[in-house]
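Undergrad: In terms of mature numbering (1 follows the signal peptide of the UniProt record, and there is no 0), the sequence shown is residues -20 to -1, 1 to 388.
Accuracy of the hints is not assured; some may be wrong.
To be verified - Straight line, CA to CA, 25 Å or less: simulated DMTMM-like cross-link-like pairs of lysine to aspartate or glutamate: (1) Lys123 x Asp74; (2) Lys40 x Asp50; (3) Lys123 x Asp50; (4) Lys359 x Asp95; (5) Lys280 x Glu303; (6) Lys40 x Asp95; (7) Lys18 x Asp244; (8) Lys18 x Glu55; (9) Lys321 x Glu353; (10) Lys135 x Asp172; (11) Lys52 x Asp74; (12) Lys18 x Glu28; (13) Lys139 x Asp95; (14) Lys359 x Asp223; (15) Lys123 x Asp62; (16) Lys359 x Glu191; (17) Lys52 x Asp130; (18) Lys18 x Asp107; (19) Lys137 x Glu36.
Simulated from the structure, these hints should not be mistaken for laboratory data. Here the structure is a predicted model, which means the values were calculated and not measured.
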Amino acid sequence: MTSCLLSLLFLFPLVSTIKAQPAGCKIRITDRGLDMLKFETQKFVAEELSNISMPEMKGKEGRFQYTITDVKITELNLANADLQFIPDVGLLFDVQNSSISLTFNRRVLYWFFYDTGNINASADGVDMNTALTLIRDVEGRLKINNITCDANIAKMKAKFSGTLGRVYDFLASLLTTGMRFLLNQRICPALDHAALVHVNQLLETIPVRTEVDEFIGIDYALIDDPVVTSRSLDMYFKGMFFDLANPNETLVNDAVDPVIKEYDRMVYLALSEYFFDSGMFAYYKAGVFQMHIVNEKMSKDMEMLLRTTYFGALMMLNPAWVESPLSLRIAVNSNPKTTIKTSGATVHMTAIVQVMVLPPGQPPVQLSSMTMEAKFNAKVSMKGKRLAVHADLRSFNLPVLSVCLSVS
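Based on the sequences and whatever the hints tell you, model everything.
TA: Right, dumping it as structure tokens:
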């Protein structure tokens, strides 16, 4: 009852400062955190550009007739790349003075001479500037709404090999000029398609409501469109838990937004009181906060205390019940409430404690019913991609059993 693992997987959404409802969870990615994403972005861009398809080129120059086919990008050097925030827009991926290596096949007819071979070419001074506009879609997922792209190749050179290599070296300028023009025309459309189609299709597969365990689920949809500053990317989630059996019976969010004031670390996580309260509410509605202590589950000290305390009541009810098993039922009777301070989070709850005698072959008989007030310290930790919340008993108030009742 006192230890619940609340698990959820976070996306990378952003949200505006004016929201329809307060957030239960907030994540801040700072400019330092972009270093983690830059490498993956470079890999993604390199993979997409390596799949660029080029059309067949045919032409005639004097007595030369040529055909260029099977253009393939073999290597991309995107070492001079940077990923940064664009305030009120999204992200900027900027590549300066990089290079692209490619190969293509040639067929050349010169007078009566026919020659084929392979051409190794390289594009230098490659600049790419790509800006992504991020929004929230109708389901609460992150979506790339628009992309602006500008690409330029400063120069291109080719190395010919084959029988007539020295003869038609002068064609290199013509071929590389045409190839540079075509490659320039292909870079931005390839990146546009990758972002607006491939990435968005991937984002659409990510659920915004998912099961945490067999009892409850969580809704971690974005609340509004993204907002970005020059220093950070703030992520606001609904952060609302719900009972799987009654998903529409949820707690109203009256808490304030979680606040993050710092920018020194790469990632920050903040949780509001509503995040904890909705989780406790969902578990409470699911009937998890109940405990039945009987037989081997009851410690010897507990059993001795109960028998001593209720010996007189047992004798008055039925002396034959003195040796009958006793049981202790504990059930939370109202939604637990969380209070968050700088010192940590505290969970307050009340429960009904019933002491029962279990006569053999007869229904249980209640000996006592009491109200217990308890406080728990909540500890939050990240375990891989999961957020774990552990509650430890801090104090409780129960007149008769306060000597030795312990919950762990």
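Undergrad: Decide, hint by hint, whether the structure agrees.
TA: Hint check:
no.	hint	in the structure
1	Lys123 x Asp74	holds (20 Å)
2	Lys40 x Asp50	holds (19 Å)
3	Lys123 x Asp50	violated (35 Å)
4	Lys359 x Asp95	violated (74 Å)
5	Lys280 x Glu303	holds (14 Å)
6	Lys40 x Asp95	holds (15 Å)
7	Lys18 x Asp244	holds (18 Å)
8	Lys18 x Glu55	holds (19 Å)
9	Lys321 x Glu353	holds (20 Å)
10	Lys135 x Asp172	holds (23 Å)
11	Lys52 x Asp74	holds (23 Å)
12	Lys18 x Glu28	holds (15 Å)
13	Lys139 x Asp95	holds (15 Å)
14	Lys359 x Asp223	holds (22 Å)
15	Lys123 x Asp62	holds (22 Å)
16	Lys359 x Glu191	holds (21 Å)
17	Lys52 x Asp130	holds (22 Å)
18	Lys18 x Asp107	holds (16 Å)
19	Lys137 x Glu36	holds (19 Å)
Of the numbered hints given earlier, the model fails hints 3, 4; all others are met.
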